[in-house]
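Sequential numbering from 1 applies to the sequence shown in full-length UniProt numbering.
These aren't lab readings, by the way, just hints derived from the structure by calculation.
Glycine included, each C-beta is placed from N, C-alpha and C at the ideal position.
Watch out, some of these pointers could steer you wrong.
The calculated lysine to aspartate or glutamate pairs, modelled on EDC-like cross-linking and capped at a C-alpha distance of 16 Å, are [what the hints assert, rightly or not]:
(1) K574 with E532
(2) K574 with D530
(3) K544 with D530
(4) K553 with E532
(5) K507 with E526
(6) K207 with E222
(7) K67 with E84
(8) K510 with D591
(9) K543 with E526
(10) K578 with D497
(11) K470 with D490
(12) K467 with D497
Computed Cβ-Cβ distance ranges for the label pairs, DEER-style [as the list claims (entries may be wrong)]:
(13) T147 with N98: 35 to 43 Å
(14) T473 with L336: 31 to 39 Å
(15) L584 with P456: 24 to 32 Å
(16) I373 with L336: 54 to 62 Å
(17) D241 with I48: 23 to 31 Å
(18) D241 with P328: 58 to 66 Å
(19) N58 with S287: 26 to 34 Å
(20) V80 with Y247: 48 to 56 Å
(21) I545 with T11: 49 to 57 Å
(22) L336 with V301: 31 to 39 Å
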Amino acid sequence: MADSDPASFLTQANAILRKNLTYQKRNVWSNVRLIMIPFYLCLVLVGIQALFDSQVSNSLDNQCGCKCIHKTGDETCQMVCGVEYSTRDQAVFCAIPNPQPWPPLILIPLPRNRVVDANLTNVSCKQRNNCPVTILFTGNNQSLGATLSRNLFRRSFPMNYSDLLFSLADNVLATTYKGSPTNYLDAGIVSDRFIYNIQSRCTPNSKVSFSLGQSPLNFTKEMRCVQGLNLWINSSREINDDIFKGYLKGNSEGMINEIVAAYDLLDTNRTNFNVNIWYNATYQDDSGNMPPKLLRVPRLVSLMSNAYLQYLKSPRTRMLLEFVKEMPKPETKLRLDIASLIGAVFFTWVILLLFPVILTSLVYEKQQRLRIIMKMHGLGDGPYWMITYTYFLAISTSYVICLMIFGSAIGLNFFRLNDYSIHFVFYFLYINLQISLAFLASSAFSNVETASGLDPASRMNLWTVIKRAKTNTAIILTTHSMEEAEFLCDRLGIFVDGRLQCIGNPKELKGRYGGSYVLTMTTASEHEKDVEVLVQDVSPNAKKIYNIAGTQKFEIPKEEVRISEVFQAVEKAKSTLKVFAWGLADTTLEDVFIKVARSGQAFNVFS
């Protein structure tokens with residue numbers, strides 16, 4: 001006797017695994033092409049990188065400028081590269097072994113934007129462009145603040161051209177130009193704006209010119225005096241209010257009243273130096289699109305440190321910030337790593353190519369009824385989903401491993417500079433997420449289930465489930481079974497040759513296209529004429545609608561006959577005819593469908 005127990009989990013899993021392996025054996029070249037896709041995509045990246053390097057990176061405009069210099073007594077020349085042989089665009093790529101030192105500058109507001117208040121300065125100075133620059137002080141000791149503020153600025157205009165940098169550092173230099181991203185060139189020196197010397201009091205028409213830099217970066221600047229105004233404020237809260245009112249949107253009069261800086265001396269005394277400095281950090285222009293600019297803060301710190309040293313020691317004590325200077329740099333070239341630039345999007349798309357492959361395979365099994373066939377053979381859901389997941393995980397892992405091998409072999413920085421353990425964790429999570437999404441998405445495809453071929457009990461269970469589900473949702477059902485349509489559907493539509501012929505509920509359709517009884521009678525073939533005569537006697541307008549091998553069907557109008565008359569006529573005919581079977585039925589949906597289909601086909605032929 002055959003064993004009727006269901007197959008074990010391992011047996012079912014083994015069967016599904018062998019099914020998948022057989023399928024892949026038949027489609028081995030499809031898998032090879034799938035795994036080779038990363039190789040092709042990596043080659044595309046390498047080609048784009050090579051094209052960029054040849055057309056952009058190796059362009060003369062993106063390299064340090066060079067010139068062939070002839071040596072004395074030698075006909076040959078030697079190629080020498082440097083800033084002096086470069087254009088402005090080329091200079092950024094040149095080696096700078098000894099960067100130019102620049103005098104430290106303070107950023108001050110433009111004359112039209114300097115603070116103007118009835119208690120601070122005259123409004124008319126804005127028209128004359130000679131408003132002083134204002135620095136605010138606060139702290140616990142006002143007398144100490146007054147002493148330190150007097151030590152901030154020089155009262156004279158000393159210049160020693162033999163030691164220019166030291167002489168400039170001994171003065172408080174300022175500019176209205178914001179800083180640069182680096183200190184290889186100071187924007188305040190390179191620009192055509194004046195350099196200002198902040199003093200306690202300016203003499204009329206005090207101007208000094210000086211030259212700074214080395215050939216070919218040699219700049220002649222004019223230095224003018226601007227008065228520095230030091231004001232004591234009672235508290236840091238008031239300073240914050242003044243700074244806020246200095247902005248255009250914070251000023252009720254729609255004016256810009258900007259200060260240079262502010263110092264909070266806190267608990268500073270002879271044994272403790274503790275100072276907070278306010279400065280405008282918005283000049284950094286750190287929007288994220290461009291490198292942030294350097295803020296001119298070091299001179300503000302040096303200014304207060306020197307003032308405190310003079311307070312402790314003597315007015316002659318100095319600890320000067322002589323210059324600011326960038327670090328040396330080697331010659332550089334414009335290098336753009338295409339793989340790293342587009343890597344986040346590109347490699348996400350590469351991994352996403354697996355998603356339609358997984359989804360197509362799942363939907364294919366549903367469309368071809370393979371899943372139903374598996375269930376009919378006793379393969380449960382547990383082994384199916386486990387083997388399917390393992391199978392897709394193996395394919396995806398092979399795909400990703402090939403991607404990493406190809407990318408590393410051809411030198412893509414995206415793979416070489418990132419730890420492979422990070423790659424493993426990211427790809428493992430991403431692959432599992434894709435497989436899960438494919439399982440979920442496949443449920444939205446091919447939701448066509450057939451009721452044909454089911455045993456009566458299973459078919460009734462299916463009908464019950466559909467009838468229960470339609471209470472809260474709309475269901476579209478296509479069927480050739482009129483019995484199924486009448487049991488499940490609230491509204492019916494009959495299509496003939498792709499055209500909708502009628503629509504309504506079952507009772508409406510039977511009333512519209514019915515209105516007759518269907519008499520079915522089976523006799524010997526030689527008595528077919530006798531049956532026709534019998535029916536014509538009962539109802540002269542009866543129509544024969546079916547006749548095969550002695551079985552005939554007639555439509556009898558309900559208004560012409562009563563059911564009892566039909567029964568009497570058939571019983572009387574049995575005495576003279578050999579009637580094998582007979583029946584009388586009301587119009588069914590199948591009769592309605594046949595009538596509508598015939599009339600629809602006749603109309604289409606006529607058209």
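To see whether the hints hold, each was checked on the structure:
Using a Cα cut-off of 16 Å, the hinted pair K574 and E532 holds, with the two alpha carbons roughly 14 Å apart. Distance check on the hinted pair: K574 and D530 sit about 11 Å apart at the alpha-carbon level, within 16 Å; holds. Restraint check for K544 and D530: satisfied, since their Cα atoms lie roughly 13 Å apart, inside the 16 Å limit. Among the hinted pairs, K553 with E532 is consistent with the structure: their alpha-carbon atoms are about 10 Å apart, no more than 16 Å.
Using a Cα cut-off of 16 Å, the hinted pair K507 and E526 is violated, with the two alpha carbons roughly 38 Å apart. A hinted pair counts as satisfied when its Cα atoms are at most 16 Å apart, and K207 with E222 qualifies at roughly 7 Å. In summary, the hint linking K67 to E84 is supported, as the alpha carbons are separated by about 9 Å, within the 16 Å threshold. With a C-alpha separation of about 9 Å, the suggested pair K510 and D591 falls inside the 16 Å cut-off, and the hint holds.
Taking the CA atoms of K543 and E526, the gap is about 20 Å. The hint is violated against a cut of 16 Å. Under the criterion of a C-alpha separation no larger than 16 Å, the hint pairing K578 with D497 is inconsistent with the structure, at around 42 Å. Taken as a hint, the K470 and D490 pair is honoured in the structure, with Cα atoms around 10 Å apart against an allowance of 16 Å. Restraint check for K467 and D497: not satisfied, since their Cα atoms lie roughly 29 Å apart, outside the 16 Å limit.
The hinted range of 35 to 43 Å is satisfied by T147 and N98, whose Cβ atoms lie roughly 41 Å apart. A C-beta distance of roughly 55 Å is found between T473 and L336, which places it outside the suggested range of 31 to 39 Å. Between L584 and P456, the C-beta spacing of about 26 Å keeps the proposed range 24 to 32 Å intact. For I373 and L336, the hinted distance range of 54 to 62 Å is satisfied, since their beta carbons lie about 55 Å from each other.
At about 56 Å, the CB distance of D241 to I48 disagrees with the hint of 23 to 31 Å. For D241 paired with P328, a C-beta distance near 45 Å fails the hint of 58 to 66 Å. Our hint of 26 to 34 Å for N58 and S287 holds, since their Cβ atoms are close to 31 Å apart. Between V80 and Y247, the C-beta spacing of about 51 Å keeps the proposed range 48 to 56 Å intact.
At roughly 55 Å, the beta carbons of I545 and T11 sit within the given window of 49 to 57 Å. Distance hint for L336 and V301: a CB-CB separation of about 38 Å, consistent with the stated range 31 to 39 Å.
Hint violations for this structure: numbers 5, 9, 10, 12, 14, 17, 18, all remaining hints satisfied.
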